[in-house]
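S.K.: Protein sequences appear in the order of chains C and H.
The numbers in the first sequence follow this note's numbering, run straight up by one, and end at 174.
The numbers in the second sequence follow this note's numbering, run straight up by one, and end at 153.
Honestly, I wouldn't trust all of these hints.
Unchecked claim - Among chain C residues calculated to face chain H with C-beta under 8 Å, some are:
{"id": "1", "residue": "81"}
{"id": "2", "residue": "84"}
{"id": "3", "residue": "117"}
{"id": "4", "residue": "125"}
Unchecked claim - To spell it out: a stretch of chain C is covered by chain H in this simulated footprint if at least three of its residues, at any positions, have a beta carbon under 8 Å from a beta carbon of chain H; those stretches are:
{"id": "5", "region": "91 to 101"}
{"id": "6", "region": "136 to 147"}
Simulated from the structure, these hints should not be mistaken for lab results.
All figures in this text were calculated on a predicted structure; none of them were measured in a lab.
The C-beta atom is built at its ideal place from N, Cα and C for all residues, glycine as well.
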Amino acid sequence: MLFYSFFKTLVNKEIAVELKNDVALTGRLHSVDQYLNIKLLETKVVDAERYPQLTSMTSVFIRGSVVRYIQIPKADVDVDLLQDAARKQNTSSQP
Amino acid sequence: FLSFQEGRRQRREGRLEARLQAPGSMALALPAAASLVDQLDKKVLILLRDGRHLVGIMRSFDQFSNVVLEETFERRVVVSAEGKHYGDIPLGLYVVRGDAVVLLGEVSEEREAGPDHPTEVSPEEIIALEEAVHDDHQNTAGPLTLADDA
Numbered sequence: 080m081l082f083y084s085f086f087k088t089l090v091n092k093e094i095a096v097e098l099k100n101d102v103a104l105t106g107r108l109h110s111v112d113q114y115l116n117i118k119l120l121e122t123k124v125v126d127a128e129r130y131p132q133l134t135s136m137t138s139v140f141i142r143g144s145v146v147r148y149i150q151i152p153k154a155d156v157d158v159d160l161l162q163d164a165a166r167k168q169n170t171s172s173q174p
Numbered sequence: 004f005l006s007f008q009e010g011r012r013q014r015r016e017g018r019l020e021a022r023l024q025a026p027g028s029m030a031l032a033l034p035a036a037a038s039l040v041d042q043l044d045k046k047v048l049i050l051l052r053d054g055r056h057l058v059g060i061m062r063s064f065d066q067f068s069n070v071v072l073e074e075t076f077e078r079r080v081v082v083s084a085e086g087k088h089y090g091d092i093p094l095g096l097y098v099v100r101g102d103a104v105v106l107l108g109e110v111s112e113e114r115e116a117g118p119d120h121p122t123e124v125s126p127e128e129i130i131a132l133e134e135a136v137h138d139d140h141q142n143t144a145g146p147l148t149l150a151d152d153a
């Protein structure tokens, strides 16, 4: 739930998504769900020469299970807040 | 299951029209929720874990990303010294299991016809091109497969 909430704060920001099959896409984050499925708008494929067939797509839905990395601009993240939230989540789940 | 129960209750109350829910109501429960509802009845391209591309009109989906695709074509792409080409092999009505899906993109026919997009050839031609290129190891299009345990 923590990262779902985190990604909700990044809606409308430009992000890059690298998938487990090595394809990388950039675009504006439109929405995210509890499985961390991602919907990107204004999608661009990073290595378009290698994957020409993907240039026909405008908005893209990416299944959460195939994501390797999500790259976000540093300015859009409050690292201390995130760290705090993670710490709270981990300590509160102890019996 | 909840919508099935709701349907049953409404059938019992004899309100047939109440069962016909607006497609947008599926995603309205959570405001910023990623949903495929905007792609319903649109032409989409699905990238599968085995590297195949399926193009078709998405008629329905569920929470597992299972998808029903009408007028499905397998889009094969060959990038070689002769340029970039693609061919669509007709497949019919498909149910795609969600765990095989990597991504699903809405196809813009404008972009399909654009200069950067590969040019369309007939199914027979693309298969012939594939074989020619396979023999010479000339296909420079990237492989898009995903390992089973990825």
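S.K.: Against each hint, give a clear statement of whether it holds in the structure.
M.R.: Hints, one by one, checked against the model:
1. Interface hint status for residue 81 of chain C: violated, as the beta-carbon distance to the closest one in chain H is roughly 16 Å, over 8 Å.
2. Because the closest C-beta pair between residue 84 of chain C and chain H is about 11 Å apart, greater than 8 Å, the hint is violated.
3. Because the beta carbon of residue 117 of chain C sits about 6 Å from the nearest beta carbon in chain H, less than 8 Å, this interface hint is met.
4. Residue-level restraint check for residue 125 of chain C is violated (minimum Cβ-Cβ distance to chain H is 11 Å; threshold 8 Å).
5. Coverage of the region 91 to 101 of chain C by chain H holds [criterion: at least 3 residues with CB-CB distance below 8 Å; count 4].
6. With 9 residues having a beta carbon nearer than 8 Å to a beta carbon of chain H, the region 136 to 147 of chain C meets the requirement of three or more and the stated coverage holds.
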